[in-house]
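Residue numbers (my numbering), protein chains in the order written: chain W, 1 to 321; chain S, 1 to 321.
For the record, the hints were derived by calculation from the structure and aren't laboratory data. Keep in mind that the hints are not guaranteed to be accurate.
[Stated by the list, open to error] Heads up, simulated BS3-like pairs for lysine-lysine below, C-alpha to C-alpha not over 30 Å straight-line:
#	chain 1	residue 1	chain 2	residue 2
1	S	K45	W	K93
2	S	K93	W	K119
3	W	K87	S	K45
4	S	K93	W	K45
5	W	K29	S	K103
6	S	K29	W	K103
7	W	K119	S	K119
8	W	K29	S	K119
9	W	K45	S	K87
10	W	K29	S	K29
11	W	K45	S	K45
12	W	K119	S	K87
13	W	K87	S	K119
14	S	K45	W	K119
15	S	K119	W	K45
Given the structure is predicted, the values throughout are model-derived calculations rather than measurements.
There are 2 protein chains.
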Amino acid sequence: MSRDLIEQVFVSAFGGPALAALDDGAWVKASDQDFCITTDAFVVKPLFFPGGDIGTLAVCGTVNDLAVMGARPIALSCSFVLEEGLKLAVLEKIAASMAAASKSVGVPIVAGDTKVVEKGAADGVFITTTGIGLRIADVDLGLERIAPGDKVIITGTIADHGTAVLLAREGFQISSQIASDCAPIHSLVEKALASGAGVKFMRDPTRGGLATVLNEVASGCRMCISIEEARVPIRNDVSAALELLGLDPFYVASEGRCVIIAAASDADRLVATLRQDDQGRQSAVIGRVEKSPATMVSLESSVGGRRILPMLAADQLPRIC
Amino acid sequence: MSRDLIEQVFVSAFGGPALAALDDGAWVKASDQDFCITTDAFVVKPLFFPGGDIGTLAVCGTVNDLAVMGARPIALSCSFVLEEGLKLAVLEKIAASMAAASKSVGVPIVAGDTKVVEKGAADGVFITTTGIGLRIADVDLGLERIAPGDKVIITGTIADHGTAVLLAREGFQISSQIASDCAPIHSLVEKALASGAGVKFMRDPTRGGLATVLNEVASGCRMCISIEEARVPIRNDVSAALELLGLDPFYVASEGRCVIIAAASDADRLVATLRQDDQGRQSAVIGRVEKSPATMVSLESSVGGRRILPMLAADQLPRIC
Chain W
1 MSRDLIEQVF VSAFGGPALA ALDDGAWVKA SDQDFCITTD AFVVKPLFFP GGDIGTLAVC
61 GTVNDLAVMG ARPIALSCSF VLEEGLKLAV LEKIAASMAA ASKSVGVPIV AGDTKVVEKG
121 AADGVFITTT GIGLRIADVD LGLERIAPGD KVIITGTIAD HGTAVLLARE GFQISSQIAS
181 DCAPIHSLVE KALASGAGVK FMRDPTRGGL ATVLNEVASG CRMCISIEEA RVPIRNDVSA
241 ALELLGLDPF YVASEGRCVI IAAASDADRL VATLRQDDQG RQSAVIGRVE KSPATMVSLE
301 SSVGGRRILP MLAADQLPRI C
Chain S
1 MSRDLIEQVF VSAFGGPALA ALDDGAWVKA SDQDFCITTD AFVVKPLFFP GGDIGTLAVC
61 GTVNDLAVMG ARPIALSCSF VLEEGLKLAV LEKIAASMAA ASKSVGVPIV AGDTKVVEKG
121 AADGVFITTT GIGLRIADVD LGLERIAPGD KVIITGTIAD HGTAVLLARE GFQISSQIAS
181 DCAPIHSLVE KALASGAGVK FMRDPTRGGL ATVLNEVASG CRMCISIEEA RVPIRNDVSA
241 ALELLGLDPF YVASEGRCVI IAAASDADRL VATLRQDDQG RQSAVIGRVE KSPATMVSLE
301 SSVGGRRILP MLAADQLPRI C
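With these hints in hand, go ahead and build the complete structure from the sequences.
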């Protein structure tokens, strides 16, 4: 593919005056709010999976990272590393997904870059997305605000994304209805923040899943996170598929969920608010913050036993996002 | 390499409170200036070459893209795609180069991401860098400001970077003193803008070299760019090496140069200012803008003939940056 052809794909998909100028960068209007930068590389395999593709993932992942920081996304940039020989139709499909996702969240892709490497030097397409967001007024989020007694909320079922991607890989002959939960959650997050409920901290449980986020919270605030397994929403078919694969759902990625730590007195009201949004229908309180044992995540099983959910040092599932 | 190990390499190299927090993003203070976003993927091969490596290139390339837009760089983010089996020492060396470059330009790396793919799925390391810069007050750059009679200036020798990288590739048994010109040019650019000389447009001649930038200018302002070959600074050894390789130096990348279009009356004074800076010692007026033939770049050779420098549709030299 020639440079012209590639530029044509992206410019026609993403549109916008900034990108069409093909300058080295794009201008964004000044604001009196602080702004947040986030960046993520996407190397998901396969490129297309039930519920999404690398393009939707790249846009949603970046929008969601801004949202959980308490920032309203205003602009995205993206870079592509393409393997020579990649079919133009594949690139067009990915660009269309990114354009659709960018349009649905109302955040333009303003700058980009493309590099082509020889066959065998990259696996299809890698995308890096960077997002800029403005601080949502009056929002004050941080691990230091967490206190014993706070409640832990999840906005939907866990592990859908990772399971859908795994099952879509060549070699897995399991047919299922499981689709990725990949979706933008910035509206859901804004509703949560606007509700006036005491939201103290938010994070999306992507790579490493719910257990990894909870461990980061437990280490960060030096408290214990205690979770009741029976309260954690999970689809039966996801649970069954992961059991078959020998994988623990607490470590499998979601891409359209949010973990929220909120003041105990506000938790039920917050869950009611979240459930009114399409992205939060299955929101639930799943546990609480306790003083000790510090830095631990403890899981109370449905039959009453307790186990520790440790931080995993290595990636259990490579190339899930 | 485990996630912990990788994080340790980057956090210890780049430092800074924002990055150390390992949040999903980083906050930047509000400003009353518009800001500019630029993004670039770096896939240079080999990773290390005389005069730099992929790390210096990633930082300088992004800083320079902001500078030529008339923006003062204030923050960088970076993402890495690493091939499994990459030696830790290689990663540490690249991180150290990025840290040194970021320190030397005074622009912190505030956010990052790392993905590891299996052996054979990526060629060593790919880096995407995104830069944020604030508009330098009173700067007004744009192709629409260019007028017939304006002068074309280059701030140093052409084609050093591309030649150094090519010669460093396996298979080329040519030993030389040629080093990449990879360097940050934001200070040079700021001096040019502060000089009060009528700078109308700037662009760094990276991928596709000087000829590509000049063609973009000629098409953009629908005028002719006329260049005198004898005035274009080029090292003798670079010229000789490229002749040997059958490559045209006008299409070979620089990574520490800037093409400036300036009002004719200010051009000599501007060149004198540029020459006072370490990055601009060999600055020279190399041509002028003419009314016609519109959208063409014309090269007057040392012996008096004229040839057209066309826009090349395909990358002459893949993986040069």
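How the hints compare with the structure:
1. At roughly 29 Å between alpha-carbon atoms, K45 of chain S and K93 of chain W fall within 30 Å of each other, so this suggested pair holds.
2. At roughly 27 Å between alpha-carbon atoms, K93 of chain S and K119 of chain W fall within 30 Å of each other, so this suggested pair holds.
3. At roughly 24 Å between alpha-carbon atoms, K87 of chain W and K45 of chain S fall within 30 Å of each other, so this suggested pair holds.
4. Distance check on the hinted pair: K93 of chain S and K45 of chain W sit about 29 Å apart at the alpha-carbon level, within 30 Å; holds.
5. This hinted pair checks out: K29 of chain W and K103 of chain S have alpha carbons roughly 27 Å apart, not beyond 30 Å.
6. Distance check on the hinted pair: K29 of chain S and K103 of chain W sit about 27 Å apart at the alpha-carbon level, within 30 Å; holds.
7. Between K119 of chain W and K119 of chain S the CA atoms are separated by roughly 14 Å; this keeps the pair inside 30 Å, and the hint holds.
8. Simply put, K29 of chain W and K119 of chain S have alpha-carbon atoms about 43 Å apart, too far for the 30 Å limit, and the pair is violated.
9. A hinted pair counts as satisfied when its Cα atoms are at most 30 Å apart, and K45 of chain W with K87 of chain S qualifies at roughly 24 Å.
10. For the proposed pair K29 of chain W and K29 of chain S, the alpha carbon gap of about 14 Å is at most 30 Å, so the pair holds.
11. Of the pairs offered as hints, the one joining K45 of chain W and K45 of chain S holds, with about 24 Å between alpha carbons and a cut-off of 30 Å not exceeded.
12. A hinted pair counts as satisfied when its Cα atoms are at most 30 Å apart, and K119 of chain W with K87 of chain S qualifies at roughly 23 Å.
13. At most 30 Å may separate the alpha-carbon atoms for a hinted pair to count; K87 of chain W and K119 of chain S meet this at roughly 23 Å.
14. Among the hinted pairs, K45 of chain S with K119 of chain W is consistent with the structure: their alpha-carbon atoms are about 14 Å apart, no more than 30 Å.
15. For the hint pairing K119 of chain S with K45 of chain W, the CA-to-CA distance comes to about 14 Å; that is within 30 Å, so the pair holds.
Violated hints amount to a single one, hint 8; each of the other numbered hints is respected by the structure.
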